[in-house]
Amino acid sequence: MSELILKAEQLEKVYKIGGRRVLALSGLNLQVERGEFISVMGPSGSGKTTLLNILGCLDKPTRGKVILDGVDVTNLPEKSLYEIRRYKIGFVFQTFNLLPYLTAIENVELPMEGTGKSKDERRKRAHELLKMVGLSGREEHMPHQLSAGEQQRVAIARALANNPAIILADEPTGNLDSKNSYQIVRLLGKLNIDQGTTIIMATHDRRMASLTDKILFLRDGRLLKKVKKGTHLAEKLKK
Amino acid sequence: MGAFTRAFRNISRRKVRVLLVVIALGFSIAVFISVPAGIKANQDITQAMTEKYQENLARLMEQINRTALQIYVTAGMPSISSNQQTYQTFQIPLIDESIVDEIRALDGVQDVVPFLMKAFGEKKTEQTATSIYTYMDIYYIILGVPFNSTLDDLYFIFPCDIEGRKPYDGESDAVLIGLNVSRRFNVGVGDTLDINGTDFRVVGVSRSSGLEEMMVYMDLREAQKILNAEGKVEQIMVVAKDLSYVDKVANELKAKYPYLDVSTYREQRHTAESMQQQYEDMLQKLAANLGQIKGTAKQVTLISLVATGSMVLFTMLYTVRERTKEIGIMKALGFTNWNIMTQFVLEGAIISLMGGIAGAAIGSVGAPMLATLVLPQLRSNLGMWSSHGGHSSAPWASELSVVASPDMQLILVGIGIAVLLGALGSLYPAWRASRIRPVEALRHE
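Heads up: the sequence lines are chains A and B, in that order. Heads up: the first sequence at position 41 corresponds to 41 in this note's numbering, and the numbers run straight through without jumps. Heads up: the second sequence at position 284 corresponds to 523 in this note's numbering, and the numbers run straight through without jumps.
Here chain A stands alone, though its shape is the one from the complex (with noise of 0.2 Å):
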């Protein structure tokens, strides 16, 4: 019986905008098993990125409960959603969001300043995440000297820095043309069967989630509907 990484239960949030309460997300209900890779559609405000920003720990949910790993994250102190945020998930963001005063390769070791890792051990599995994403040699660019892809990619790496359980990526592939949008999903897909890494991804493009193993659709904040995909990218992989 698979093992599961993530479960929300009755997830509910209300955005007040302008003395307005708008629901965001409405009593969802949400089970991911480990090394899934799922995609999660739906129209612009829908609850996408509201979804992963509770399911990342950046957020909080007016109602209902997040259990990430076996441990309940909806009710604990900033301290330690700080340390679940930097061990257990990868954020890939749609704009990337590398910091741009610092080379590719500091990029990936900013996540593992501070756990312990020494300058060597941090500057070596740096060096070696970004092989993995196929950016060797580019160590030292500076992220306005890489493509829109390289520079998803240095993110992906990045995101992988600590070895998470879990991957969220948001939009990863919204500011991308189509080729380059292929290979970063090929990308995860390849982490997601090599490493078994489970990866969440928000997208609206409906030929990347078709590459993902499951596609959730949102609507309104509600769940409307699963759609099993079977193994579409993993052979496409194995070719």
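Where hints are given, some of them may not hold.
Claimed, not checked - Using 25 Å as the maximum straight-line C-alpha spacing, the simulated DSS-like pairs for lysine-lysine come out as follows:
{"#": "1", "chain 1": "B", "residue 1": "K524", "chain 2": "B", "residue 2": "K279"}
{"#": "2", "chain 1": "B", "residue 1": "K564", "chain 2": "A", "residue 2": "K60"}
{"#": "3", "chain 1": "B", "residue 1": "K279", "chain 2": "B", "residue 2": "K291"}
{"#": "4", "chain 1": "A", "residue 1": "K190", "chain 2": "A", "residue 2": "K214"}
{"#": "5", "chain 1": "A", "residue 1": "K214", "chain 2": "A", "residue 2": "K179"}
{"#": "6", "chain 1": "A", "residue 1": "K117", "chain 2": "A", "residue 2": "K131"}
{"#": "7", "chain 1": "B", "residue 1": "K564", "chain 2": "A", "residue 2": "K79"}
{"#": "8", "chain 1": "A", "residue 1": "K225", "chain 2": "A", "residue 2": "K7"}
{"#": "9", "chain 1": "B", "residue 1": "K564", "chain 2": "A", "residue 2": "K16"}
Hints are computed from structural coordinates only; laboratory data are not their basis. From a predicted model like this one, the values you see are computed outputs, not experimental measurements.
Add chain B to chain A, keeping to what the hints say.
This is chain B only, laid out in the frame that chain A set:
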């Protein structure tokens, strides 16, 4: 790569902004360093002036007290005659030496010292494009005095600062000459000097400046011979036994020799006393001024520090606002509030350290200028001295000038304050930065 590297990279990304803060902070710290240095320099000058003034005043008073017993008797003021072409002399009415013994016999007279003085020189004519003028080029002034060491000990007949020695009692072939005479005739101690056809041995050269530079001190008898004035003197110094006799003796002299000019030093004493009063008034005024300056200095320094602190605060607030997204990213990567806060405080402190060092450099070099620029009263305080320096009794005032040089301790305190100011100024922005919720920060563009 750590917090320091990130701080330096961020600082180098915002060069113009950092430069402005560094300049403002630098100026503020320079003021902090310079103002106390300026005040201290002012105090030091006042102190030095006071000491020097008191020293001079004491000397003057001593001289007045010493000469208070002296009464001078002459036959009238000297006048310059030009009836000879080659040698010019002060034509001074002479007194018959026989009255010296008469005066000595008067009641209340302690000592009587006769003098004979005559200047030698050449009448010179110079022509310019528009005029012709003549002047007297004095070679030397012969001063005939009794060569008597007892009288010299009591009444300082010879100058004190000399090379060689003073003439011995009755050493009639010896002379003591002034520096100008020594240079003009190229003679020194041990050399022979021809005066009006008679050779004299130079036994001493006076180093004193003023009229003494041109003097040739010789025995009264020899001077009388050379000047063809045997039995004549030009001036008689009468010393009373004590102060109570001064007026009595002076009056008696006036009555007995109505054709002679008799004067005492009573008036000089009054002058010295009024000078002292003036000086004490000025010192009081200076002290009051300095107190006021110190008050203003405190205000100026405080205002400048507060202004700079605010500038750091607003700059860092702006920086935090600008870097909100970066704060969100760092939080998403697992950085704690404390990590974020120290990052910003560190940056503020580094910028302030740069400002502090700049301030120390500006302050070390420009302290005198900056101190008087910020506190113009310092200059006017000094002006009081120089105006007083114009007074003949305080010519040394012009020799001193403000040298405000901040000491090392002050410079280090200045740098420390800059860093503290920067750290404090960035504390609130840093705290705000650390409190930003990651979701909101990430949404920020």
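Structure-based check of each hint:
1. K524/B x K279/B: With a Cα-Cα distance of about 17 Å, the restraint between K524/B and K279/B holds, given a limit of 25 Å.
2. K564/B x K60/A: Satisfied, since the Cα-Cα distance of roughly 19 Å is no more than 25 Å.
3. K279/B x K291/B: holds, 18 Å
4. K190/A x K214/A: holds, 16 Å
5. K214/A x K179/A: holds, 22 Å
6. K117/A x K131/A: At roughly 20 Å apart (the allowed maximum being 25 Å), K131/A and K117/A satisfy the hint.
7. K564/B x K79/A: Status holds; Cα separation ~20 Å.
8. K225/A x K7/A: OK: K225/A and K7/A at ~17 Å, within 25 Å.
9. K564/B x K16/A: The hint holds at about 21 Å.
Consistency note: the structure conflicts with none of the earlier hints.
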